[in-house]
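Here the protein sequences line up with chains R, U and E, keeping their order. Number 657 marks the last residue of the first sequence (the numbering used here); no jumps. Number 392 marks the last residue of the second sequence (the numbering used here); no jumps. Number 680 marks the last residue of the third sequence (the numbering used here); no jumps.
Any given hint could turn out to be false.
Stated by the list, open to error - List of simulated lysine to aspartate or glutamate pairs, EDC-like, C-alpha gap at most 20 Å:
id : chain 1 : residue 1 : chain 2 : residue 2
1  : E       : K569      : U       : E150
2  : E       : K517      : E       : D555
3  : E       : K400      : E       : D626
4  : E       : K469      : U       : D130
5  : E       : K669      : U       : E150
6  : E       : K418      : E       : D493
7  : E       : K491      : R       : D351
8  : E       : K384      : U       : E181
9  : E       : K567      : U       : D312
10 : E       : K569      : U       : E322
11 : E       : K568      : U       : D312
12 : E       : K384      : U       : E175
Please keep in mind that the hints were generated in silico from the structure rather than gathered at the bench.
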Amino acid sequence: MSLDTVGIVALEILNSVTILVLLALGLALIFGMMRIVNLAQGEFFTAGAFTVLTAVRYAHLPLWAGMLLAPFVVAALGIAIERLIIRRLYGRPLDVMLATWGVSLLLIGLITVIFGAVTQGIPFALGNFRVGRYSYPEYRIVMTSVAAGLMLGVYLLFRYTAFGRRARATIANPEMASAAGINTPRMFMLTFGLGAGLAGAAGAIMAPIVGVVPTMGVLYIARAFITVVVGGPIVLLGTLSSASVLGVIEALISRFSLFKIGTAGHCAPPPCEISIGGSAFFGQIALLLFAIVLLRLLPQGLSGFWRQRE
Amino acid sequence: MKRLSSAETLAALLLLLPLLAVPWAFKPYTANVLAVYMIYGILAMSLSLIWGGAGIMSFGQTAFFGIGAYAYGAIGLNLINAAHQTHLALLGGLLAATLLAAVVGYFIFYGRISDVYASIITMALTLVLFAFFVSTGGDEWVIGVARFGGFNGMFGQGESSQNIANYQIPPVTIWLPGMSEPFEFKINRESAAGYFLVLAVSVGMYALARWLLASRLGRVAMGIRENEARVASLGYDTRFYKFALFTISGAIAGLAGMLFAAWGRFVNPDRFGLGFAASTVVYVLLGGRTTLLGGFVGAAIIGYLTSYLGEIVPFSTIPSDTAPWMAALMEASRRIVREAPLLVQGAVLVGVVLMLEDGITPPLFRLLKRHVRWGWWVLLPLVIFYFGHRAACQQADLCLF
Amino acid sequence: MAPALLRARPAWAQGKTVPVGSLLDKTGGINIYGLPAIAGTEYAVAEINAKGGLLGKKLELIQYDTQSDIANFPKFAKKLILEDQVAVIHGGITSASRESFRPVIDEYKQLYFYNIIYEGGVCDKYVFVTGETPTQQMGPLSKYALKKYGTKAYTVAADYNFGHISWKWWDIFWRNGGGLTPVSGAKKGQHVGKVEFIPLDVTDFNATINRIQEAKPDVLMSFLVGGAHINFYRQFAAAGLKEKIPIISTTFGFGNEHIVLDAKEVEGLVACYPYFDEVDNAENRVFKAGMKKKMNNPNYYIGDAGAESYNGWHFWAKAVQKAGSFEREAVTKALESGIEWDSPMGHVKMDPASHHTIFTMHLAAVNKNHGWNMLESFPNVPPTETMQLCDLIKNPNQHTQYQPK
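Chain R extracted, bound-state conformation:
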C-alpha cells in the first residue's frame, strides 16, 4: 500500500469517527446523565439541518449564521418537549422510550407537512486538498474540528462551571441534590435541552454533505444508539472510545475486502465473485454485529468496563 493510500485511509477513519461522535454525543449526554433513551434524537438532528436550510434558503442568512443558530433552535425544541411530555414520565424508562418514539414520528410528519418530502441541498463553497493521487474535501476536516470542539466544550461545561457541578450532583443523587437546594427539575430540563442542542449542531454541520430530508434522522439513529450503548455510562469517555473503535471497524470493513466467496458461474466478470467486506453494506453489518457481541461480553459497555477495572 502506497503512502498516499495510507493517508487517505487514515482520513476515512477520522471521518467515520467524526460522524459517530457527532451523532452520539447529544444522545450519550441524555442517556448517560438522565438514563433516558431518547428515540427522538434523530429528529433533533433533522431539525438542526432544517434550521440551516430555512436560514439559508428563506431568511437568506449566510451559512455559518444558520449553523450557529441551529443548536439554539433545537435546544429550545428539546426543552419544550421535555416540559410537555418527558417531565411526566421520569422513573418510567420504557414509557419515555415509547413517548419519544411517538415524538419522533410526529416531528417527521410535521417537518414533512411544512417542507415536503423532497431531499433539499445546501450548497457550500470549500475547496479540496491533495493527498498524493487523491483529492479530499476540506469540509470534512472542518467537521472533525467541530466535533472535537463540541466535545471539549461539553467537557469544560461540566468540569468547570456552576451548571456543570449542579448537573453532576443531580445525576449522582437527585434527592440529595434537591435537598441541597438545587432545582433538579430545572437541571433535567437544561440537560435534555443541551443534548438536543448538540444533536441540532450535528445536523447543522452535516447538512451540507448529506442533504436535507425529513426522514434523515432515521438513517442515523441506529448507528447513534449503537455508539452510545457500546460506549456505556460515562458520557465523553464512552462516546470517544466507542466512536473510535466502531469508526475504525466501519471504515476498514467498508474499504477492504476480507475474503472472497465464489458464486454460481453465470455472471459476467469482473465482479463475479462476492467479497465479504469492501462495501458500505458490510461496514454497517460489521458495526451492528460487533456491538451485539461486545454487549454480550461487556454489558456495561466500554467505559463501564474501564470503570470496573479501576
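Following the hints, put chains U and E in place on chain R, whose structure we already have.
This is chains U and E only, laid out in the frame that chain R set:
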C-alpha cells in the same frame, strides 16, 4: 392481568361470533383485510405476551415474524413445485423463528443484559436482518428454486436463473393421503378457507397464550415483571423463565409471519424495517399491553385508520380563483391528511403513554365484566340481526346498511 | 364451505361511469416519484373525461395512497379488484412494489399498466409497461460515452435488484461497444475497478469516491437511486472530481436530482430518457401548459415519471376505443395490435410481443439553470433486452420476469 382475563375471554367470544359470519356477509375484500388484521394481531399478541407478561419490551418481534415468513416462503416454493403441498414449510417456518428467538433470548437473558439494552439489541437485530435481506438481490441467493430477491422480495425462479420470478409463494396447501387433490387455503371470490384458517390460528394462539399466562411459567414471569430480585430470591432461575417465554413469543410471531407470507403470497425485507416494528408496538400500546386481545383490537383500529386515510384525497385540485388564504388553508389541510398515517401513529404513542397507560381495551373489559348479563341479551340479537341482514342482502345485491 | 359472493357482472358493465384504479405513493420516502406520477395520472384522466370519456362513459379514478409501504400494494390491489371492480389498474413505482402485487394481478387476471423506468424483463400477459428499460437508455449512453469520453468506466449502483440487473445489462453494452451483441467498428469499453453496490440508506460516499480516484476511469456510470444517494453527486463535486471525471446515468434526473442539486455540482452530467420537459413538439407544449395550470405553478417540472403515467393512461384509452370494450381480453388484443401515437414524448408504440413501449429516446446534459440541454434524439428505440426473451403472442401463458444470463 389476571382479574380481567375472564371478561377478556368473554369479549373474545363475542368478537368471534361476527368474525365467523364475515365471509357470508361481506365482499371477499373484507375477509382479506380482516385476515391481515388478525395476522398482525397475532404478532402484536406475541409482543403483549412477553411485554405484558414479563415486562420485556421487544422491538424485535418483527424479526421473528420476518424469519418465519421467509422460511415458509423458501421451503414452500420448493415443496409446492415438487410435492404440491406445504406441510413441511409450516414446520420449517416455525422452527426457524423459534431457533432465532432462542439464540437471541440466550444472548440477552443469560448475558444479563438490562431491560433498555435488551430493547435496543432486539431493534438492532431486526435492522441487521433488514440490511441482510435487502442485499440478497443477486443470483447466488437462491435455495432450490426460491430466489431471495433482495428488496423485491422472494420468488420462485423458472427453469433457468434467467427466469427470476416465475411463480409465487404458495398459500397454505395440504394434500393428505386419501385426498384426491391438494387443498389450498385461499381467500378469493370462490373460497374463504384462508380466512377461516387465520381465524382458527388466532383463536388457537389466544387460547395458548391465555393458558401460558395461567400456568406456572406465566405466573413466575409476572412475578419477574413486578420484582425480579424477589422472585430470584425465592429460588427461581429467572433467566430461564424469561428465556422460555421470549422463545415461545418469538415462535408465535414466526407463525404469524408464515400466515402473512401465505396470505399475500409475498414477503420482502420491509417486514424487518423500523416502520413495521413501530406499527407493532403501536398496536399493542393502543390496544393495551396488559391484555392479549388488545393487540388484535389495536391492529384493526390502526389498520382501518391508515387504510381510510390512504383513501381520502381532500381538495385534489385547488381552483386557481380561490382566495389566497383559502388556498393556503386547503393546501395545509391536504398536506396534513397526506402525512396523517405518521401523525396518527405518533399521536397514539404519545397520547396513550401520557394519558391511557393501559390502552383502550381494559376499561372496556371492566365495563363488560360489570354488565355481563345485560351485554349478552342486548348485543347478541343485534349482532345476529346485523349479520343476518348483511348475508341476505349480499345475495340479493340490495343492502340497507 | 365456500360462500358464493360474486356479483355476476362487474360494476362497469352497468353504471354510467367506469371505475379505474391507481396505486401510487403519495406519502413516505418514495413520494418524490409518486407525486409527479399522481399529477400525470390525474391530468390524463381529467383530459380523457373532458373529451367525453370512453365509449360514452366517464372514468371514475379511484386512487389509494400506498404510503411507500410495500404491504399496502397487494392490499389495495385486492381492494381495487374485489371491491371497486376496476377495469384497469395503473401504478406501482419501485420494482419491489410491482413484484409485491403482480401475484394479485395474475391471480385475478387483471389488466395492469406499469408506467415507470425499471430494470426490464417483466413478461406477463396481464401487464403492460410504458416505462423505459436498460437497453433504451444504455444503447445511446454507451455509444455517446465511448465516443466522447473514452473506454474505461467505473460503475456505482444502488444495492437492490434494479442496480444489480442494470449492472448486468450495462456490462454487456459497455463491452460490446454500445449493443447487446458486439458492435462492429465501435470502440469496446472496459471496466476499471469494481462495480460498487451501495445500500439505499448510505449517505456518506467518502471511501467510494477515493476508490474511484484510485481507478482513474474515463467516465463514471451511476445507477444510484433515491434521496440518500443524491449526496453522492455533491460529495463527488466537493472532492474536486466533477471536472476530472464525467458522469453518465440512467437514473439521474428521474427524482428531480438536477433541481435539488446546485448547477455547479452536476452541470454537464449526461442522462438519457424518453421524456424531458425540454422536448420540443406540439403535443408537449399543450401538455406542459396544461400541467402547469393544473398544478397552479408556472415553474412546475413534470419529469419522466409524470409523462409516463400520462402516456400509460392514454395507451389504455386508445386500446379501449379500438376494442370498443373494457373487457381485458379485448383491450389486450387491441394493445397487441401495436398501438402507436404522437405523445408529448414524441412518437411511441406498444410492442405487441413484449408488452413494452418503443420510444424516441433523448440524450441531454444538465445545464446551469436546473434544466437540461438536449444533445441528440434517437427515434424508435426498442426495449431489445426484453423483446429478445419475451414473446407473449407465441407463448401467452407467461407471468414472470427475466434477467440477463
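Hint numbers not upheld by this structure, sorted from lowest to highest: Numbers 1, 2 - these are the hints that the structure violates, sorted from lowest upward.
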